[in-house]
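Engineer: Residue strings, one per chain:
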Amino acid sequence: MSEAAETEKPKKKGKWTRRAFIGAGVLAGGALVVGVAVRPGNPTDEMKKRLAKGEGEELINAWVKIAADNKVTAIVPHVEMGQGSQSTLAQMLADEMDADWEKVEMLESPATARYASGAIGREFLAPTLEVPKILEPTVEGSFLKIADMMDLQITGGSFSIRGTGQRDMRTAGAAARQMLIAAAAEEWGVPAEEITTARSMLSHKASGKSATYGEFAAAAAAQSLPVRPKRKAVGEFKLMGKPMPRKDIPSKVDGTAIFGIDAKVEGMKYAAVKAPPVVGSTVEKIDANAAKTMPGVLQILNMGDFVAVIADGYWQAQQALGKVQATYSKSEGQSLDQDAIFKRYSDALDEAGSDGGDTEISEGDAVEAFAGAAKKVTAEYKVPFLAHATMEPMNCTVSVKDGKCEVWIGTQAPLRIRRAVAESLGLGEDDVTLNNAFLGGGFGRRSEVDHAIMAARLAKAAGYPVKLIWSREEDTAQDFYRPSSTSRFEAGLDEKGRVVSWNNIHTHLFDPQEAPTVPYYAIPNQLVRKVDVPMHLRFGPWRSVDHSQQAWFIESFVDEVAEAAGKDPLVLRRELLEGSPRHLAVLNKAAKMAGWGSEMPGGHGRGIALVPSFGSIVAEVAEVDMTGEKPKVSKVFCCADVGFAMNPDAVKAQMESAIVYGMTAALYGEITIKDGAVQQSNFHDYQMLRMNEMPEVEVALINGDAERLGGAGEPGLPPVAPAVTNAIFAATGKRVRELPLSKMNWA
Amino acid sequence: MSITMTVNGKQAEVDVDPATPILWVVREQLEMSGTKFGCGIAQCGACTVHLDGKPVRSCSTPVSEADGKAVTTIEGLAGEDGTLSKLQQAWISEQVPQCGYCQSGQLMSAAALLKRNPNPSDEQINAAMAGNVCRCGMYGRIKKAIKVAAGMETSSNEEAAA
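Top to bottom, those sequences are chains D and Z.
Each residue of the first sequence is one higher than the last, beginning at 649 in the numbering used here.
Each residue of the second sequence is one higher than the last, beginning at 18 in the numbering used here.
By construction, these hints were calculated from the structure, which means they are not laboratory data.
The reader is advised that the hints may include incorrect statements.
[What the hints assert, rightly or not] Below, simulated SDA-like cross-link-like pairs (lysine to any residue); rule was C-alpha separation at most 20 Å, straight line: (1) D/LYS890 with Z/ILE109; (2) Z/LYS164 with D/ASN1340; (3) Z/LYS164 with Z/ALA179; (4) D/LYS890 with Z/THR23; (5) D/LYS1030 with D/TRP1394; (6) D/LYS1278 with Z/SER173.
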């Protein structure tokens, strides 16, 4: 394939290849998104004005800025919510361009379509990879239209490093370096191949010439962009693969880090809100008599879908809101209780039987193989709804003035917010400016737009800037929940104890599509199906999305199958992974770390689980102590293969984090519905894992394939719940078939 | 009502409803945003500040209780010349924060602990820190950083150099 052909827009979905991918990345990152060379009429001109403000600064391309003082700014199109990807993206770019890490700074790209994270859209087009559903609404089904792909700027799906980093940042860094070399070669009259680069310096040994990148920034900007810049091989990495300290951390230890809730806007007032407890209801009428005379109260508004109090201070707004009496309309969902929801699931599963429902994967004939099996195993599992409970409650500050709007927020989806705010105010998207701050946790919740629309409508109604802050109670009761689900399994074993049939049906499937399937397990007959059970609640992506339910179902049942086959859970998994060497290596490493098979004291047990997700493979072994009043998870050993860990310490931190998030759900996480409304309200009844319950966690990494990176933010979560419940079985012989564990009687 | 207190060593006078929680006075009247709102009912610890050296949940402590007293927030944890405290340095060396939202409160709870107990045991650290939720789950790193700051363990930087 010629280079020119590589830069052409591919015409068919199936034609995307790895080679075309990187070529197209340069094209899309250059000509179509932001331009690469700084030339009149090029779209880059506008970006140049916004980003290259300093004396002697030249914009080299979309993702990097080099100033005359030799300072390099990595322009990162992803937000920072704790996952550390802004810093790691800068690390990848700096390494490819041989920049001096000490002089590298980061800038979050402005929320405009020209800065959209195109790699996410392009990745979707690659036939072998699926884009997380979190991104779909903005793509709007037009996956092959470049313009629509560019209308993304989302952080989610464990995608920043493996998508944007691997495709855009590295390519941009390599291109920038090549352009700097070309500019120096021209000026010095020496062959480009003889010029070396290190720590933001260009050197030519034979002539003794050297210069900083900054000195050649302007000349480099005039160079044409290399079509396919040469990126480093793993052996040439200087920063990638090293545990570099994250650049966002110092501001997070001295109180200077600015989150969405910290926005300061001239003349702003504070809003507290309450939406009807049952989603779908509206506010029929309010009695504001007691509230309106309270100190600081400026306005009390019935917005139809919620009640708001605007006051001089937030506490005043909250106090007054508590005195507003509201009545709500009746709605469809208000008769629904938690038991009725699970009954709906059972009825739908009963109706689908052994071969009904929507087929997700079908290999061989699982039903027939089960019928002829020597031994049969069946089980049903249930998991509850879950809230995200980000530490920073939902909030948004908006100013609407003279047909223009400005938004201050911490969001995973800046462009989606901008569009939603524009639509709600009847403005054009270009009339809305968005300022994104750090996110006090995202976990999927901050990919939604509901709170921003509320704030925009309030600012418009009020006539002055408004900072809307949700109470914790509102945050808990008005979430986009991780769905509850029920899953049923049938497995058949032959006379030798080999698994010959795997048949699963579960309620609900959102994303990723592969979450309920087990193609990596060598089982000849596999059938996986789903049934949809609609209801009034709002659902959204929750860290690891469907893997959070499906992995617990699958890995619990694998243990039950092992028990039925009379095999050790590790031994059975090894047999099932005979055709999946990377998975097997991860499994074996975790087992080895934990000393699998060694003696444990009475009442203690060990459980294992392996889950591939978001392009990575993670195995975890949990140790539990069941001698006390309730289960205590004492240790978790984790082995992760993310392809290649660009910042190993940051990847380990993500595994540690996901383990706690997953353990919190397994031990305590439960949102229940009564009369259509969420019953939980704050951390006292929606409990979090705390330091006194923190197990010792040990993480090991395997770099299994540097060409195929996986995600890090989510894959550590799915294995932990099944590892814990499998350990409980090992310790007690009690099989856990419903979460959370706090529901069970351990006496 | 006028309330007079010392905030991070400086005299501050505010005219507010005495029932207003310290959290909102610090954030809105004094315009220091490092102290965070998390739950409003003293369940998560994100709002922790020191009142005369003792850790309190500022979301549930009325400002009237601070009248005539000293309040220390995260902005006052470093030395007067801006030198980070040992705890803050350890928070960086152990790469503790992820989203960072709870960390002001974590640091204030940890600082109060080390002040009254310079060599805390694991159980004592657990007891002092159990009121602070970290949704990013960095409890292991927080504990390690506390021990590093207390001189009970070597930092990850030193371990890497060794």
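Engineer: A separate judgement is required for each hint: does it hold in the structure or not?
Structural biologist: Going down the list of hints, with the structure as the test:
1. The straight-line distance between the Cα atoms of D/LYS890 and Z/ILE109 is roughly 17 Å, inside the 20 Å bound, and the hint therefore holds.
2. Between Z/LYS164 and D/ASN1340 the CA atoms are separated by roughly 16 Å; this keeps the pair inside 20 Å, and the hint holds.
3. Distance hint between Z/LYS164 and Z/ALA179 is fulfilled; the C-alpha atoms sit about 18 Å from each other, no more than 20 Å.
4. Between D/LYS890 and Z/THR23 the alpha-carbon distance is near 45 Å, which puts this suggested pair outside the 20 Å criterion.
5. Pair hint D/LYS1030 plus D/TRP1394 holds up; C-alpha atoms about 18 Å apart against a cutoff of 20 Å.
6. For the hint linking D/LYS1278 to Z/SER173, the alpha-carbon distance of about 34 Å lies beyond 20 Å, and the restraint is violated.
In the structure shown, a violation is registered for the earlier hints numbered 4, 6, in ascending order.
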